[in-house]
Amino acid sequence: MKTLNHAQNAANFNKDEKRVDWHDETLWWIRQKRDKSAFQIPEWESLRDAASAIKANTLSNLHQYLIEFEKNALANGVKIHWARDAKEHNDIVYGLLKEKGIDKMVKSKSMLTEECHLNEYLERKGIEVIDSDLGERIVQLAKEPPSHIVLPCIHKKKEEIGELFHEHLGTPAGNADPQVLTEAARIHLRETFLTRKAALTGVNFAVAETGEIVICTNEGNADMGAHLADLHIACMGIEKLVPSRAHLAVFLRLLARSATGQPITTYSSHFAKPRAGKELHIVLVDNGRTRQLGRAEFRNSLKCIRCGACMNTCPVYRRSGGHSYHNAIAGPIGAILAPNLAMKEYADLPFASTLCGSCSNVCPVKIDIHDQLYKWRQVLVKEGHTTTAKQLAMQTMATTLSSPTLFKIAGKTARVTLKYAPFMVNNKFNAWYLQRDMPKVPKSSFSEWYQTNRKQNEQ
Amino acid sequence: MKVALFIPCYIDQFYPQVAIACLELLERLGIDVSYPLGQTCCGQPMANSGFEHLADGCNTLFVKNFIGFDYIVAPSGSCVLHIKEHLKNDSQLDLVKHIKATTYELTSFLVDILKVEHLTSSFPYRVGMHQSCHGQRGLKLSQMSELNAPEFSKPGKLLSLVKDIELVELDRKDECCGFGGTFCVAEEAVSVKMGKDRINDHTKQDVEYITGVDMSCLMHLEGILNRQNSSISVKHIAEILNGVKA
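Order-wise, the sequence lines are chains U and Y.
Note that our numbering numbers the first sequence so that position 258 is 258, with each residue one more than the last.
Note that our numbering numbers the second sequence so that position 13 is 472, with each residue one more than the last.
There could be a bad hint or two in this list.
Here are the simulated lysine-lysine pairs, BS3-like style, with alpha carbons at most 25 Å apart [unchecked claim]:
(1) Y/Lys574 <-> Y/Lys547
(2) Y/Lys523 <-> U/Lys408
(3) U/Lys412 <-> Y/Lys523
Simulated from the structure, these hints should not be mistaken for lab results.
In this text the structure is predicted, and so the values were computed from the model without any measurement.
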């Protein structure tokens, strides 16, 4: 089956306008919570500058920080694995589970494993994976990918969650009380935590100076999973590093405020070494990150700390839904990361934007997201990921606009057509006209007016 | 001071009254304005679609038309931003540099260069100001709601000099209208939904007019308003500042 592009998915999403309104307002509310919380910090903009600079330094010296991190983590008794790509990452995780004879694993939200499609891979190998974040668990029960990196089931209304829970967890039919549903999930997950021998978590930050990893959650499920299991596997992209704990502080102040408007996540857990008799493995994954690092125009995208603020503020994301981006990471940041993974597959994403620039303004690490969207458009077209029709249209437009004479003829033709043969334009083949009227036709163009009314004064 | 009027292609063809208002306003302020007749378009339609490499013809033409002026002024934030960020011509680097530095969007030219403090126009209506993203976030014509920084607004300041105008506060003061160049047809569903939502915000405030610095956003909103048979009209800020009768 051919994957629909963003515009087609978004058009489908917009068939239910009430739902679009609800989705837009829910995310806008989170954007407002972010504003309120960010504006309580007088030094907010300097924090963003600092975070951006720290990440710039980290990316420029990534090789050193990675070696330092590995050395310190190994000294702490942590096992380190390096994965070139998604396949190697998945093989490493599977290898660890197989070695211990484990066929059931609890997972705490990790966008990296979504990027690597780990769940599907492990399921094919006969390993059961239970996502333990409430939102992740909900989309997992619905057999859907997350639609948002921080709020994975933000596209689902509580009534729909009630139905899912009724079907899978036996809650009473028709009950959509969040407290009842959360309680049911809690009991269900508690059993999971107690019986799983392996826990996989993501990583928010890895501190080179100490060799520790930091995981930020609100539900405490990463801690519960990691503390109860014999084997803790933490998977991280190599760009998650920060040089030291002092630098970490800057990011912890920015992350939750940008993401949800909280001052800090409920839990910011530091994992430095395995507990006695247990194992802690960290998988460092490249999967295209070094390639992106090599693209001067796009390397800043690797500063991302996955707060999701750009999604919440994006007027297009709010009205098209996360699934319309057909990528593990949706929204503006997803649109600049995805083409690096597969240009052809994600060639539509950088065009799913008006380039309004709000994303770059909320970004806590000041990634020039909208400028990168513009630059990706140039790269994608140059690499041939465009349609012949678009190419011809653009060539014609360029030729017309490069010649004052052709431009005047074309303008006149358009105005005459609109005036005397509006049916040529006002039809279903004109996407403008479907829900919008065409502009009214003026008596003359400005340049015609100018020549009559001013030109004589000039010469 | 010699000023060249740079009129976006779609304004030239479909909204000549905006260009006329801009010209008259500058003339009334005592500026020596002329309109280079060979101009067409800044090249943004190609560039934003990923075809920047096809904009060479437009770039060359732009430079040719706008040589020899102290300032270049346009009633558009978007086209000016495009010139400032993307005008290219490797054989005329100094000219390009001069053009980029001296090209101004109308309201910033009036506030920053002419330092306008008085206007004679009157516009006795309830008006909503649409912040066009490229003018606001790109050219920083007004403070942006995402930033923790002091408020200011160049177009807002000018509108406050217009007599009897009633400016309303919007719920979402700087959300994009969804025009976005070719986005408006390539992503028709989202584009129109964004436009409808912007219009609702203005409608809730009972505005009679929606104004802004970019006619492209207003053209998109006007298309939706007319389809809805709305009583709200759009008016470019140049028309209001120039005192054009409604």
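How the hints compare with the structure:
1. Y/Lys574 <-> Y/Lys547: violated (30 Å)
2. Y/Lys523 <-> U/Lys408: holds (18 Å)
3. U/Lys412 <-> Y/Lys523: holds (23 Å)
Against the hints set out earlier in the document, a violation occurs for number 1 only.
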